[in-house]
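Colleague: Below, each chain spelled out in residue letters.
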Amino acid sequence: MARMKFICDAERCIECNGCVTACKAEHDVPWGVNRRRVVTLNDGVPGEKSISVACMHCSDAPCMAVCPVDCFYRTDEGVVLHDKDVCIGCGYCSYACPFGAPQFPTNGTFGLRGKMDKCTFCAGGPEANGSDAEYEKYGRNRLAEGKLPACAEMCSTKALLGGDGDVVADIFRTRVLQRGKGSEVWGWGTAYGKPTGTKS
Amino acid sequence: MTLKTTVVVTALALALVGCAEKAQTAQTRKSDSKPWDGASTTEFTASGWKAGDQASWEQQMRTRAQGQNEYSRATP
Amino acid sequence: MKKQYAPGMMTKPGMTVSRWIDGVMEKNELIDQDSNLRGLFFWGHAPNSQTRGLEMKRAMDKLDLMVVVDPFPSATAAMAAMPGKPEDQNPNRAVYLLPACTQFETSGSCTASNRSIQWREKVIEPLWESRTDHMIMYQLAGKLGFGAELVKNYKMQQVKGMDEPVPEDILREINKCVWTVGYTGQSPERLKAHMRNMNVFDVKTLRAKGGIDKETGYQLDGDYFGLPWPCYGTPEMKHPGSPNLYDTSKHVMEGGGNFRANFGVEREGVNLLAGDGSYSKGSDLTTGYPEFDHLLLKKLGWWDELSDDEKKAAEGKNWKTDPTGAIIRVAMKNHGCHPFGNAKARAVVWNFPDPIPQHREPLYSNRSDLVAKYPTHDDKKAFWRLPTLFKSVQEKNKDIGKTFPLIMTSGRLVEYEGGGEETRANPWLAELQQDMFVEINPKAANDRGIRNGEYVWVKTPPMLAVPEFKGIRVKAMVTERVDAETVFLPFHFSGRWGGVDLAPYYPTGAVPVVRGEAINTATTYGYDSVTMMQETKTTLCQIERATA
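Protein chains in written order, with the numbering used here: chain A, 15 to 214; chain B, 106 to 181; chain C, 6 to 553.
It should be emphasised that the hints constitute simulated quantities derived from the structure, not laboratory data.
In silico DSSO-like cross-links for lysine-lysine, where the CA-CA straight-line distance does not exceed 30 Å:
#1 B:K139 / A:K151
#2 C:K396 / C:K407
#3 C:K243 / C:K317
#4 B:K135 / A:K151
#5 C:K197 / A:K172
#6 C:K480 / A:K63
#7 C:K209 / C:K219
Start from the sequences and build out the full structure, keeping to the hints where you can.
Modeller: Right under this line is the structure:
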């Protein structure tokens with residue numbers, strides 16, 4: 015099995031925030047904690063592009079490398095998870111992550127950072143699969159239910175793909191072959207079929 | 106630990122509890138179960154694979170990922 | 006049923022929802038009904054999606070009765086409860102909030118904007134005291150004396166100890182009689198089979214490739230998902246639905262069609278029916294033809310294709326009034342013809358005020374030269390029971406662009422829906438759009454000393470008459486999304502009024518997470534000359550930085 019991966023096809027992302035809402039709903043993520051965000055470049059100008067960003071579950075995760083209490087671990091499928099009971103909320107992983115994935119709840123006394131929270135690839139955490147304790151700390155464990163991350167499964171345009179890296183790369187490659195090259199030509203023809211040759 | 110340290114640590118722990126923060130007791134990571142072991146939430150578990158069977162779960166992951174590929178369900 | 010109506014009112018076109026406030030406020034002698042509008046049901050509808058909110062508040066205060074039927078109290082409750090002008094307050098006004106069920110607490114059919122219909126299942130029992138819309142309608146009809154007539158074709162089921170019409174039977178009643186737009190083929194059984202077998206439908210064409218429903222044995226092959234209306238004839242005829250309208254490249258029984266003969270067969274010596282050679286694929290008639298009725302069938306020699314029983318029922322009828330659907334069946338299935346005829350589409354709509362669309366400047370325009378060159382329509386004395394002004398408003402305001410130079414348009418956001426009370430009460434959606442805002446171009450912002458994220462006052466012409474109302478107070482989003490003379494505001498917000506938070510006026514525990522000014526508090530008079538659609542897309546405003 016290849017490692018689990020996300021790809022967000024920026025040609026198709028329409029900034030609907032369906033992925034963000036799916037994640038929030040699935041894991042009951044509190045206000046202020048953004049496991050997933052949609053980033054828009056050149057907003058309001060022709061050539062505007064959006065892309066959905068969450069933890070990338072890096073092969074050589076910087077968060078894991080810098081954690082002073084070693085609360086991170088990587089599953090056999092490459093999903094990067096952590097143990098909130100060990101986490102001391104120091105925020106070092108947040109400095110290290112190039113994607114801004116580690117999130118910290120803002121409640122608690124004196125604005126102290128709580129335990130780090132981030133995208134789990136819907137794989138829960140080091141509690142029994144599907145248990146209440148796992149849900150409370152990490153959210154739903156969809157992988158153990160034979161499902162894929164809620165964000166990718168809910169994406170309205172299938173811009174956000176998630177799952178076995180080989181399969182995801184294959185789907186993306188099929189798309190690129192179908193629609194040809196050209197991020198400078200934009201429109202329905204580019205995202206879903208062959209470009210017509212004229213700008214839409 | 107000296108008496109002084111014990112007092113300080115206890116006081117800090119009590120202060121933590123007082124402000125509704127959980128006391129930091131864990132020192133090492135708990136070990137995690139594999140996803141193919143399945144989840145206790147059987148009523149929400151997808152059908153088509155067998156819990157406990159790694160190969161069956163991996164095949165389920167591959168099959169389910171094809172749900173994101175409309176070329177498998179559309180005329181070209 | 007006739008006795009339920011005041012004399013002459015039963016078949017008279019009513020007031021449109023866009024003008025209800027004028028039904029309340031207009032001089033009685035100018036409205037085309039006996040009394041002014043005195044009672045109102047807001048049934049799954051938000052007031053902040055209607056224009057002229059300042060006047061709407063006054064109309065709300067004058068009503069005798071207002072009933073809000075909604076899962077969420079909506080802006081209506083807060084607007085009704087907040088203080089208004091003392092002289093408008095009707096001391097006898099009664100306001101009721103009836104909690105209605107959401108779509109999860111009932112089953113039923115639902116039509117999407119691509120014309121496909123889906124069947125939705127009940128997920129949970131109605132919460133607290135909420136009742137389904139159809140139960141509330143039945144109970145209201147009962148109080149008004151015609152409950153039995155309303156549900157005479159329905160089986161009833163017990164929900165929380167009360168009678169409720171079975172949703173399948175409601176759809177079946179529609180199937181029995183809405184021949185004209187083709188809402189007759191989509192039986193609950195066919196729709197449910199579609200829902201159980203979504204995987205057999207091609208995702209690009211929406212057509213089923215084979216498939217046999219395990220539960221009923223229904224064969225799905227050829228159906229378009231959700232049987233998009235028009236889906237003609239009885240469910241037994243198995244019309245597949247119409248994916249695209251007027252598509253002559255397909256047989257009518259494959260979802261194809263031609264243009265309808267709705268406007269007569271001839272006008273001013275010109276034949277309105279389709280020319281020879283223009284017809285849907287496989288049609289037995291290769292020329293234009295009128296709508297199908299018993300006479301046409303007899304003339305064509307196809308009348309005997311009806312059974313004896315069908316002949317009895319269809320005698321003297323046309324395809325729209327034949328209760329058996331047999332005329333449709335013979336025309337479509339047996340001969341590939343469209344029951345509504347085969348005519349030319351018309352580009353000149355001779356019964357409209359503008360047979361060909363003309364540019365007419367909006368009533369509120371900052372271009373007095375264009376107002377002079379492209380004036381609007383003349384005022385109408387009575388249009389759907391109300392005087393409707395055009396030219397007089399435009400004349401009065403032709404120089405208003407000097408005071409209100411920015412073109413103001415309103416529209417939608419992804420995160421919210423409609424009046425917004427339901428979606429702004431959802432914390433995950435509310436987090437994505439936390440503030441009501443105005444999109445303003447950098448040039449327009451810099452000319453006014455406005456920085457991104459600062460609060461501004463948006464003022465519009467109706468506020469000139471209400472000097473104590475300072476404007477709507479919103480955040481400025483400085484962006485290139487709009488050009489230098491246009492501003493955009495979303496219409497989903499409510500719960501703030503002229504800078505004041507209306508949270509105290511919502512029922513306890515029902516305050517939405519996010520509240521904001523409603524743009525429709527500020528919008529202006531203006532209505533379409535044919536549909537009476539309100540003008541939400543173009544009016545004028547001025548914006549200034551808020552110092553307080």
